[in-house]
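K.L.:
Listed below are the residues making up each chain.
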Amino acid sequence: MEVKAATEQKSLLSVLSPGKRTRLRRLLFEFGPGHGTLMMLPIDQGIEHGPRDFFPNPASKDPEYQFRLAAEAGYSALACQIGLAEKYYPDYAGQVPLILKVNGRTEVPPSDDALSTTNSSVEDAVRLGADAVGYTMYLGSPLQGDDLHQLKGVREDCDRFGMPLVIWAYPRGSAIDVKGGRDSFYAIDYAARMAMEMGADVVKLNMPKLNPETDKDAPAPYSEREFTQQEAIGHCVASAGRALVVLSGGSKTDDETVLGHTRSVMEAGGSGVIFGRNVWQREWSEAIEIVGQIKETLVNHVQRIP
Amino acid sequence: MEVKAATEQKSLLSVLSPGKRTRLRRLLFEFGPGHGTLMMLPIDQGIEHGPRDFFPNPASKDPEYQFRLAAEAGYSALACQIGLAEKYYPDYAGQVPLILKVNGRTEVPPSDDALSTTNSSVEDAVRLGADAVGYTMYLGSPLQGDDLHQLKGVREDCDRFGMPLVIWAYPRGSAIDVKGGRDSFYAIDYAARMAMEMGADVVKLNMPKLNPETDKDAPAPYSEREFTQQEAIGHCVASAGRALVVLSGGSKTDDETVLGHTRSVMEAGGSGVIFGRNVWQREWSEAIEIVGQIKETLVNHVQRIP
Amino acid sequence: MEVKAATEQKSLLSVLSPGKRTRLRRLLFEFGPGHGTLMMLPIDQGIEHGPRDFFPNPASKDPEYQFRLAAEAGYSALACQIGLAEKYYPDYAGQVPLILKVNGRTEVPPSDDALSTTNSSVEDAVRLGADAVGYTMYLGSPLQGDDLHQLKGVREDCDRFGMPLVIWAYPRGSAIDVKGGRDSFYAIDYAARMAMEMGADVVKLNMPKLNPETDKDAPAPYSEREFTQQEAIGHCVASAGRALVVLSGGSKTDDETVLGHTRSVMEAGGSGVIFGRNVWQREWSEAIEIVGQIKETLVNHVQRIP
Amino acid sequence: MEVKAATEQKSLLSVLSPGKRTRLRRLLFEFGPGHGTLMMLPIDQGIEHGPRDFFPNPASKDPEYQFRLAAEAGYSALACQIGLAEKYYPDYAGQVPLILKVNGRTEVPPSDDALSTTNSSVEDAVRLGADAVGYTMYLGSPLQGDDLHQLKGVREDCDRFGMPLVIWAYPRGSAIDVKGGRDSFYAIDYAARMAMEMGADVVKLNMPKLNPETDKDAPAPYSEREFTQQEAIGHCVASAGRALVVLSGGSKTDDETVLGHTRSVMEAGGSGVIFGRNVWQREWSEAIEIVGQIKETLVNHVQRIP
Amino acid sequence: MEVKAATEQKSLLSVLSPGKRTRLRRLLFEFGPGHGTLMMLPIDQGIEHGPRDFFPNPASKDPEYQFRLAAEAGYSALACQIGLAEKYYPDYAGQVPLILKVNGRTEVPPSDDALSTTNSSVEDAVRLGADAVGYTMYLGSPLQGDDLHQLKGVREDCDRFGMPLVIWAYPRGSAIDVKGGRDSFYAIDYAARMAMEMGADVVKLNMPKLNPETDKDAPAPYSEREFTQQEAIGHCVASAGRALVVLSGGSKTDDETVLGHTRSVMEAGGSGVIFGRNVWQREWSEAIEIVGQIKETLVNHVQRIP
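Protein chains in written order, with the numbering used here: chain B, 16 to 321; chain G, 16 to 321; chain L, 16 to 321; chain C, 16 to 321; chain H, 16 to 321.
Any given hint could be a false lead.
Stated by the list, open to error - Straight-line alpha carbon distances no greater than 25 Å define the calculated SDA-like cross-link-like pairs of lysine to any residue that follow:
| # | chain 1 | residue 1 | chain 2 | residue 2 |
| --- | --- | --- | --- | --- |
| 1 | H | K25 | B | K224 |
| 2 | C | K267 | L | E241 |
| 3 | B | K224 | G | H50 |
| 4 | L | K25 | C | K267 |
| 5 | B | K267 | B | Y80 |
| 6 | L | K267 | C | E87 |
| 7 | G | K25 | L | E241 |
Calculated directly from the structure, the hints in this document are not laboratory data.
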């Protein structure tokens, strides 16, 4: 089965408003690896998982570590919540673009009916000089109705202020758990499309995991046909259509996987990666080294023109 | 038993505000098959069902396919959500009227207490040059109170901006499941009336299915009298009163059924059809062909003067 | 036991604002039977019960039937929801006063925790030239807190725009079911007082039903004393105080009951009736005939000066 | 154990804004028994209990009875909801101060998770010439979070308009039932403090009931120490601090109890009483007589300077 | 394992807006022990626990006691809710800075799904001349989504008005109870980070309690590694990053513990303490004495430069 390659997608920038185009171009061409790629550094784990993620590399507990890394290693942008943005970004203002993440939740309550409520606004992002806004959308949660309605407000403000919208598209909740699970191809493919339909300019996806055991609970064709891993990520990227796709990393893994995933998403027509723990859970020199390799991989495998 | 034919309904256009009249006339007379008919192309399945609907015709995964089809095959209008409207409609602006669908939900959570929350606004529709707004109303859902209150806001904005309101009138939820089901004559007839009472200018209905087995759980007279299929659809169209009715298609079926249903709704006093998968799950040439046949059927069976 | 007769109530009109007085006078003296009476035609059954109510008289399915009846038979006012008001009232504007019903619910979901959410506004009523607003309040529903808060907004807007407020005062929900039931004297008497306390100018009540079997579950004195039917309705009318009372009809019954109830409420100090199905489920000539008899009964038994 | 006497409290009036001071002085000195006392007539039982409270004295069913009583017997103020205020107060405007009660609930639904939603506003009170606003706060209800947030809005408006705030401080709901009950010393003492902390100028309390059987479920010291009845009411009054305290009456009882309670609360440093059924369930002459005795008791036992 | 000492944190004041800097400097340098320390007196127990906390020292029941203590003993600030602020602060205005606590809840309902709703606003704080705003955030409550969204509004207003934000960071609710409990190192460490991420300028923490029995239910590394008490508090302070940390006291304990905890938090890089019952449950002279000792301990162990 053939899918029209996402690399044949029409230009995203060409349909964006002047404000969105100005800001998104900064991330794609002026900062980071450039050439239309996106290398983002997320530092929202302090909310989503708590400080436990900082123990493997104690230096990472001080947000200075990630802010300095983002600026010095040459990232396209750094993504964080309001507290860090207000207290640490001033020292790096203009040195690396800021993506203000406007919602979040802790890992403490169960995620069966997950909803990530907003704790800051697009107006905050404008005030802080951010170049984009981040939003976590939980596809399939029983509270998805509240989620989509909340996202409406964020999206409208993004349109009003010319602020690019990056959607963290995460399948979540009890209903998706019984249809293949949150990492399934069905779930991630649906999330990619949903994020684009809701107005994302950039969609952040996890790598889909093929698992015949659980995929059989998903609807056809996911439950019936066989797909290769590269086909799966290719479909997900295509589902995001004109929106750009960045692949997220998850918990720390080995270099080969990191770079392999980077290559995969670029070859599938994606625009970049957003790896957090895989980078800043390393000591400084090791972090700088893997960042260099990620950059090279990104630039060498660009297929999509944004 | 005789029903006053819907074709004897007084004119809808004559009671509409100038803004609504201007825009609705475009759909009825200036674009599409004309002669007061409506042939709409829905492309909201990416939200409602996810990308799985695009596998039968891989080309359909790229929204370009449907947008180009709507423009080139000569549709009255294309209906989609905000993401597609913002990212794909600019290239077709003015070539085919846009219906901005302002709410939606995924199929992942169960629909027992379905509520389709808004993800865009009538103001978005105005900004994008749309000629109508679409809203999904779930008749009989336990959350119907929230639904009707939300619809109030959309309807008020439609009145304020002179934007025609198309209501997707869908019986849904646990309560209707035990009174004959979502496709029953009772449910669809009720939905048609409800949509009109809530201020719809156009009502989108599914074809009612007569089933003595389940109809006995509906209230009288639905549980007691026998109706022919044509009487049933006639009643539903009459229940929408002065509002125009378009019949929706559902999953892909054979040409005969497609055209038969088209004829049925027109003879019952309906104004047109809104078939999605039945059209764009076909390859381009086949799609163009069936569209031609639908057009002809619509124009040949016009009874209602809008 | 003696109750101070409601007929000795002080004047309602004398305490109303100029806007309310102007509009309510139209219903009481300029249209309908006059002499301070109210004969209202409700056409909200399409929402509350669905189209099933229209089958006994197929002509009634077209709202034209009721609108024409209200205008030609000389009603004090016609009560309907926004959809009918916008699509059918224009043809009868000024020929019969309009009461815009601003909330409603379908009969599909169970009514254990009933709440009738608003689907239009007092501002809509002003815009449409209506002379009053109608609101359904469910006394005793577990969601009554939301109900009363919602009613606050409607009442405030009525005060702001000088729009008379008619409250459909209906006991409803699981809690009243175990205290004598929704039709009990206790429930209706409470509803009458509640509606007045919440700011009603006119209260619509069902006829209380005395039933020793279930009345014993109500609080004293309802569970302990014996009341005649006329005493019961007398108490209910008195509980509404300075607010006017109209009696509703319910499902279709024989002429004798219709006229008997009309006489009862007038003798109890009520101001009129609001019969729907009992009128428009009849063919035109029969409908005209019973309307004439109701009018005569109303005028002949006026006791209360509004 | 000694408690600093509430009579040593600093002046409340001295910290009030000019608007609050102007209005509250009217109640304390210009109307009613004067000398810094408060004798209020509540007429909110029609909402809270329904018309059943009016049967013992049929004349009381007509709100005229209470309004005339408040004006002629010389009350400090009359407290009622919006419906009575709009329909009956105009005839007595300026003859007796009005306290507009802005929230209420019926007794029909269970009170396990009681919440008394607002049905009118401080702005209504200003518009009607009221001299204070009344609010029922349910201490300890599972919905107390909503309650306190709602109260925030009312309190803010009172601050904005210079309107004194009277809080009906009632322990209520499933959680208090298992900690000694709604009438326990623990519950009433907590309610008194809570009302003051939330911004009450006047706190309405029920008389605490000492009951070793149930007090043992309350926290220490309520479960451990012994208190006399006068100590208990003394503590409750002291807990309200600078806010004034009025004691409420409850269902009708004998004269001795009425006057005894009046004396108790005054000696404890309270400022007055708010007895409803104990007064207006009596026939006119008897009502006038008990009112005279209450007045005398109040004035003879003043200890607190407001 | 080494943690970058919080004492090496960059300056907080340097990134604050002029309004926040002006006000926070007052607490850190102009009032209280000075030298960049914070000694706060909380008087919100009347809401959170009821009057029962006042029995050990009856004089403390009159808020005058704490207000006078705060002013005369030389506190950095006094923290209370709106009622006390409006009724008692006027007499001490300018003599001791005020922290207006804008939310609160009683102890009556279970705290499984705790949410502390706002009962006053940042605007109230500005109006009353307060120098900071206090907010209780319940980390991990099932209602944390509502909490964070509510906090968003408070934080935005703090940014708008230049008002420092003090967050009471309390783990609470059923979900944290099964992951080590509300006092566990995991929970407090998470709360510290969360408060900072949500925009706190000052974070109020309880002392973490190490308990192998329950810590094993927390995630790694809390469940796996051993930590000393001083390491634990060190981590918590570090997790708050650039935000200042004050340690709260809880129920009354002996002097040694009070002063030991004070020393601990200062050595960990904290900025001060907020002890309530440990101070005002003592008689005047004893309270003055312990305050003196706390002050001395604070000043002698300053490590963090704000």
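K.L.:
Each of the hints needs a verdict: does it hold here or not?
P.N.:
A quick look at each hint next to the structure:
Between K25 (chain H) and K224 (chain B) the CA atoms are separated by roughly 42 Å; this puts the pair beyond 25 Å, and the hint is violated. Between the alpha carbons of K267 (chain C) and E241 (chain L) the distance comes to roughly 23 Å, so the proposed pair stays at or under 25 Å and holds. With a CA separation close to 52 Å, the supplied pair K224 (chain B) and H50 (chain G) exceeds the 25 Å bound. Restraint check for K25 (chain L) and K267 (chain C): the C-alpha separation of about 29 Å exceeds 25 Å, so the hint is violated.
Of the supplied pair hints, the one linking K267 (chain B) and Y80 (chain B) holds, its CA atoms being roughly 17 Å apart against a limit of 25 Å. About 50 Å separates the Cα atoms of K267 (chain L) and E87 (chain C), which puts this hinted pair outside 25 Å; it is violated. A distance of roughly 54 Å separates the Cα atoms of K25 (chain G) and E241 (chain L); the hinted pair therefore is violated under the 25 Å criterion.
Hint compliance for this structure: hints 1, 3, 4, 6 and 7 are not met, and every other hint is.
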